[in-house]
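Novice: Take a look at the letters that make up each chain.
Protein chains: 2
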Amino acid sequence: MDLTAEFKATLVELRREVDTYLIKSAGASYPASLYQPINYFLEFGGKRLRPLLTLLSCRAVGCDYREALPAACAIELLHNFTLVHDDIMDQDSLRRGQATVHTRWSESVAILTGDGLIGLAYRALMNTPSETLQPVTKIFTEGVIRVCEGQAIDKDFEGMEEVSIAEYFDMIQKKTGELIAVSTEIGGIVGKGDAVQVRALRAFGEAIGRAFQVQDDLLDIISSEEVLGKDLGSDLAQGKKTFVIIKLKELSSAEEWEFIQSVLRSRRLDKDILERVKAIMRKNGVIDQAERQIQRDVRQAQDILLKTFPPDRAEELMQFSLMILNRKY
Amino acid sequence: MDLTAEFKATLVELRREVDTYLIKSAGASYPASLYQPINYFLEFGGKRLRPLLTLLSCRAVGCDYREALPAACAIELLHNFTLVHDDIMDQDSLRRGQATVHTRWSESVAILTGDGLIGLAYRALMNTPSETLQPVTKIFTEGVIRVCEGQAIDKDFEGMEEVSIAEYFDMIQKKTGELIAVSTEIGGIVGKGDAVQVRALRAFGEAIGRAFQVQDDLLDIISSEEVLGKDLGSDLAQGKKTFVIIKLKELSSAEEWEFIQSVLRSRRLDKDILERVKAIMRKNGVIDQAERQIQRDVRQAQDILLKTFPPDRAEELMQFSLMILNRKY
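Chains as they are written, first to last, in our numbering: chain W, 37 to 365; chain V, 37 to 365.
Take these hints with a grain of salt, some might be off.
If chains are identical, the list can't say which one is meant, so a pair holds when it fits in one copy or spans any two.
Pairs of lysine-lysine, DSS-like flavour, derived with a Cα cap of 27 angstroms [what the hints assert, rightly or not]:
{"hint": "1", "residue 1": "285", "residue 2": "228"}
{"hint": "2", "residue 1": "60", "residue 2": "174"}
{"hint": "3", "residue 1": "83", "residue 2": "364"}
{"hint": "4", "residue 1": "44", "residue 2": "364"}
{"hint": "5", "residue 1": "174", "residue 2": "44"}
{"hint": "6", "residue 1": "60", "residue 2": "343"}
No lab work stands behind these hints, which were simulated from the structure alone. Note that this is a predicted model, so its numbers are computed, not measured.
The following block holds chain W by itself, in its conformation from the complex:
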């Protein structure tokens, strides 16, 4: 099923509003050593999935999306903070097709850039209408903490031999799922949805977030650098415990797993090695399993929506979930 022309037009409009608000949020110029990298990073673009989810969730409960614009952009600023700091920790040199902040400037600059983005995120959040500001700030703050916990667990896993699929899902719920769930939940709260609607929006966000992360894990290997805009196989090279790696361990032969492990140990990847990894994934049904997992989560997200919202109110988020399902980067 393709996205409707109307939904595509809505996305273009909302995205423009988000980008404008974001650039305005980072509007200061002194000191340049702080604001130049912040602006550089924000101007890359990015998919803006989280703020779009907030705005669409606000519309789903029947409210003007402009009410949720500050909170939506606060979430995107917070997301950008996590990217800048994660890139340092993961020593990634490319992001959205551009040099990462610590590569282009320095680690010190990147640390401060991330810190500054948190401050700007809360400043944007403070422009949320006062009636809902208090619960929104609380949920947002719990999101900040949860995301740090998730990142810590993700780093811990790098040094561990054995990570179960249950541990993996717990980790990505914190590292990725939480902020996506916060996006939809806050959209519902700012839009003054009732408790049932807000709970449904949060659950929708959690399911979508899970689908999103498994897909991210998959794209890290099967996409291409031009499309992805970042180093391919970066998860693999860092020994991250992704859905793909855990399934490879479970499903591949002893010999194949030996090869994968030698790749993990060497932490170096070239095109040939990546092709061989892909072939092993395909042969053992790892790509299939990942795709089925993504479809299951997206379907679950859609079911939650349709159970709570009338079809016309659910429509935009339904379309959004299809977009997630079909994304290539």
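Dock chain V against chain W, hints included.
Specialist: Then chain V, alone, in the frame of chain W:
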């Protein structure tokens, strides 16, 4: 003038409350890679100047300090975040007599520890009574941004030849003064002081903050490592533009300044060099000027208090300012 026994007892009581609340704030244990360094760092102790200022400011406007305890601890958590990240950027290995987080664990762990502390700071802040939560969160957030700006300017100065004393004061106002001013201002707001009182408390904090930073610059050279609990001469070794350095440049002879510059360039310091730097400072009146600056700022802070508050209400903060004046670390 010595501190009264009553004031000392008050400080002990307030400090205990702050420490208890702080440890409770960082109470989680999983993942250990996040909460262990957070607890390690918080348990060092530290002077807790900022939360004490918040609680005393709350009392100065006639309110029970317990109202301000969450906000006071939020400010201390925020301060600890800046310390952990600054230690990475400044490559300091000692803090409060203990290994810094990035030295004991790793830079990645220290980045996340700082990030987690911001989250915990906001979580504590959210426990502020709702009537004042909104303005308090706004002021707190502006403080976060200002502190990042100050740190960026401080790092910029390291690479600059010429920094004026006016630029120095602007930098320390952002890097140090702002958070101390936020401490007193928020204490006044949570305590429901009127606008005049809150303004006075903020101005008091700004003046005290200035005195505090100039003294920090001085102690970096004239204290001892045992007393200070961190590397001596660290500012000097990093080429920081401190009050002391700017005054040395202004007041020392060409030959002396040549020597100081060779120290700055080599970025290595031993006891003999430090002694020679101290002698040059003493001879050219740099220590005198710093001490006069500190006294002037403390006196200004006291004048502001006495103009706005009746003597009995001003008493505790007056005593506190004396404590700042006489501190040795």
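Novice: Need the list of violated hint numbers for this structure, in ascending order.
Specialist: Hints 1, 5 and 6 are the ones this structure does not satisfy, whereas the remaining hints hold.
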